Amino acid sequence: MTALTHASPTSTRGASGAGVHGQQHPIGLYLLVWGLLFILSACSYLVDYFDFHGELRWGLIILFMLLKAGLIVAVFMHMAWERLALVAAILVPPLAVLVFVATMALEGDYTRFTRSAFFAPTAVESHAVEH
Amino acid sequence: MTVESVSHKTSIGAQRPPGLNGVVADWASDQRSFKSASWGKAMMWIFLVSDTFIFSCFLISYMTVRMSTTVPWPNASEIFALDIGGRKIPLILIAIMTFDLITSSGTMAIAVNCAYARQRKKAALMMLATAFFGATFVGMQAFEWTTLIREGVRPWGNPFGAAQFGSCFFMITGFHGFHVSMGVLFLLIIARAVWRGDYDRAKPGFFTGRKGRYEIVEIMGLYWHFVDLVWVFIFAFFYLW
Chain G
1 MTALTHASPT STRGASGAGV HGQQHPIGLY LLVWGLLFIL SACSYLVDYF DFHGELRWGL
61 IILFMLLKAG LIVAVFMHMA WERLALVAAI LVPPLAVLVF VATMALEGDY TRFTRSAFFA
121 PTAVESHAVE H
Chain X
1001 MTVESVSHKT SIGAQRPPGL NGVVADWASD QRSFKSASWG KAMMWIFLVS DTFIFSCFLI
1061 SYMTVRMSTT VPWPNASEIF ALDIGGRKIP LILIAIMTFD LITSSGTMAI AVNCAYARQR
1121 KKAALMMLAT AFFGATFVGM QAFEWTTLIR EGVRPWGNPF GAAQFGSCFF MITGFHGFHV
1181 SMGVLFLLII ARAVWRGDYD RAKPGFFTGR KGRYEIVEIM GLYWHFVDLV WVFIFAFFYL
1241 W
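Protein chains in written order, with the numbering used here: chain G, 1 to 131; chain X, 1001 to 1241.
FYI, nobody ran anything at the bench for these hints, they're computed from the structure. Hints should not be assumed to be uniformly reliable.
Stated by the list, open to error - Partial chain G-side listing against chain X, Cβ under 7 Å, derived:
id, residue
1, Gln23
2, His53
3, Ile61
4, Met65
5, Lys68
6, Ala69
7, Val97
8, Arg112
9, Arg115
Given the structure is predicted, the values throughout are model-derived calculations rather than measurements. All C-beta atoms, glycine included, are put in the ideal place defined by N, C-alpha and C.
Bound conformation, chain X alone (with noise of 0.2 Å):
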C-alpha cells in the first residue's frame, strides 16, 4: 500500500478518498465529478454507453423475433461454415474474424502505451496496423454479405428457416460493420496527425481551438475497444447461440 500511496502522490487520485467515500466525494458540491478522466474520455465514455444501449436493442429485438417465430431458426454453424482443403468447417470465417479483430485490439493497445510514452512515429504505425485489421475486418464482412445474398438472404426471407433470419443478420452485423469502418477512417486520421508531430506541438485537431494532446489516441483507443466488446456480444449470440 505504500508503494500505491507513493506511486500516486502526482496524480489526481492521490489527495481523493478511494471507494465509495470517493463516489460521494466525487460527486458532491459544485465540482467536476469525473476526477481521473479529462472531458474528451468523459464525453467518449458517455458516446459508447449511448451506443451500448443501441446495440442492446438490437440484439434484444433479435432475441424477441426469435423467440416469437414458430418456424425454426437457421443453423448458422452450417451457413457460416467454409470449404477449406475439401472439407467443411462450420463457422470458420466467423472465428477468423474475431481473432482479426482482437488483434486489431491488440495494436491498439500498444499504440495508446506508445504514444503516452511520446513514441509518435511507433504509435502512429501501431494505429496504422490497427487500421489495417480493421479494413481487412470489413473486407471479410462484405464478403460475408456477397455470400449470403447469392444463396437468397433478405430482409424478408431466406431459404434456410425463419424469415427474421435476415433483417438480423443485415441490421446487427451491418451496424457493426458501419462502426468499424468509422473507426478505421477516424484511426488515419488521427495516425496521420501523430505521425506528423501534431501533438508534440500541441496542435488543435479539427472543430476546436483545444490543444491537441497525444490523449486523443486513448480515447480513440475506447472507440476501437469498444466495436471489439460489441463484437464478442454479436458472436456470442447470434453466430453462437
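So that you can see chain G by itself, here it is in the shape it has in the complex (with noise of 0.2 Å):
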C-alpha cells in the first residue's frame, strides 16, 4: 500500500483548497505495467492466432480487454491515487452506456429477425450455416 500512496513532492500547495496533487510515483511501477500490457496484448492476438470460438473467445477477448482497460486507468492515468469523488464522477457515469448496449442489442436481434422473415428468405439459409 505503501507504494500507492507515494508522497508527492509536488504536491506543496498547502491546505488553501487550490492544491495541486502532483502525480509522481515509482518508474518501476510504470515499467512493471507496461510490460503487463505487453503480455496481455500479445495474450488477446494470440486468441486469434490459435482461432479459439465461440464462448471462450468472447471470454477471454473481453478478460484481456478490461485488464488493459483497468491498469492503463488505475496507473497510467493515476487513478488508483485520485479521491474517490473523482474517481466516482469520471468512472459511474459510462456504466449507463450498458443500458444502452443493451437496448441495442434487443433492437439489432428485432431488426435481423424482421430481415429475415420478410426481406431476404435465401439470406436466412446462408446465415444458419455461418454460424
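Both chains are sitting in their own frames, so use the hints and assemble them into the complex.
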C-alpha cells in the first residue's frame, strides 16, 4: 500500500484548497504495467492466432480487454491515487452505456428477425450456415 | 497505515476523510468537489468522459448493424493479414499497431514522471518519443486504409461480405486516428515548451493568462493514455470479435 500512496514532492500548495496533487510514482511501477500490457496484448492476439471460437473466444477477449483498460486507467492515468469523489464522477456515468448496449442489442436482434422474415428468405440459410 | 498518514501530511488528502464519507464531504457545502485534482485535470477528465460517450456510440452502432445484418460479416482476421516471408500471418499489422501504441503510452508515463522531477530535457525527449510512436501508428493506419481501399472496401460496400463493414471501419478507425494525430500535434507543442523551460519560468500557455505548470504534461498524458484506452476496445470489438 505504501507504493500506492507515494508522497509527491510537488503537492506543496498547502491546505488552501487550490492544491495541485502532483502525481509522481516510481518508474519501476510504470515499467511493470508496461510489461503487463505487452503480455496481455500478446495474449489477446494469440486468441485470434490460435483461432479460438465461441464463448471461450469472447470470454478471453473481454477478460484481456478489461484487464488492459483497468491497468491503463488505474496506473497510467493515476486513477488509483485520486480521491473517490473524482473516481466516482468519472467512472460511474459510463456505466449507463451498458443500458444503451442492452437496448441496442434487443433492437439489433429484432431487426435481423424482421429482415430474415420479410426481406431475405435466402439469407436466413446462409446465416444458419455461417454460425 | 502510519507511513501513509505521514507521507500524506503535505497533501490535500491528509485532512479529509477517506472512502464514501470522503465523497460526501468533498461534494457537500459550497466548495470545490475535486480536492485532489486541479482545474485543468478535472476538465480534461470531463472531456474524456464525453469522448467515451462518443466512442461508445460508434461501437454500439457497429454492434447494432453487425447483429442486424443477414449477410455474413467479413473475417477481420483474414482481411488484416500480411504476407511476411511468404507466410500469411493473421491480423499481424493490427498487433504491431497495438504494441506501438502501448509503447507510446509507456514513454508518456515516464515523461510525466520526469516533468514532475523537473528533468525538463529528459521529459521533452520522452514526449518526442511518444509523438514518434504516435506518428508511426498513424502511418500504419494510412497503409491499412490504402490497402483496404485498393481491395475495394468502401463505406457503402466491400467484396468480403456485409456492406456495413466499410462504414464501421472507416468511421471508428478514422475517428481514432484523428485523435492520435491531434495528440501528436499537441505533444509536439508541449514538448517544445518543456524543452525551452517555459514551465520553470511559469510562462502562460496560449489562450490563457494562468501560470504554466509542469502539470500540463500530466494532463497531456491523460489524453494520450485515453487514446490508447480507446484502441484497447477497438482492438477487442472490431478486430478480434
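Given G:Arg115 was flagged as interface, is its beta-carbon under 7 Å from a beta-carbon of chain X? 5 Å, holds
Return the status of the interface hint for G:Val97: holds when the least beta-carbon distance to chain X is below 7 Å, violated otherwise. Result: holds, 5 Å to nearest chain X Cβ.
Return the status of the interface hint for G:Lys68: holds when the least beta-carbon distance to chain X is below 7 Å, violated otherwise. Holds, about 5 Å.
Hint check: is the beta carbon of G:Ile61 less than 7 Å from a beta carbon of chain X? Constraint on G:Ile61 satisfied, holds at 5 Å.
Given G:Gln23 was flagged as interface, is its beta-carbon under 7 Å from a beta-carbon of chain X? Nearest chain X Cβ about 6 Å off; hint holds.
So, as I understand it, the hint says G:His53 touches chain X; can you test that by seeing if any CB pair is closer than 7 Å? Result: violated, 11 Å to nearest chain X Cβ.
A closest beta-carbon separation below 7 Å is what the hint needs, so does G:Arg112 meet it against chain X? Constraint on G:Arg112 satisfied, holds at 5 Å.
Hint G:Met65 vs chain X: min CB-CB distance below 7 Å? This interface hint holds because 4 Å falls under the 7 Å limit.
Would the hint on G:Ala69 be counted as holding, given a Cβ-Cβ threshold of 7 Å to chain X? Holds - the Cβ of G:Ala69 comes within 7 Å of chain X, reaching about 5 Å at its closest.
Violated hints amount to a single one, hint 2; each of the other numbered hints is respected by the structure.
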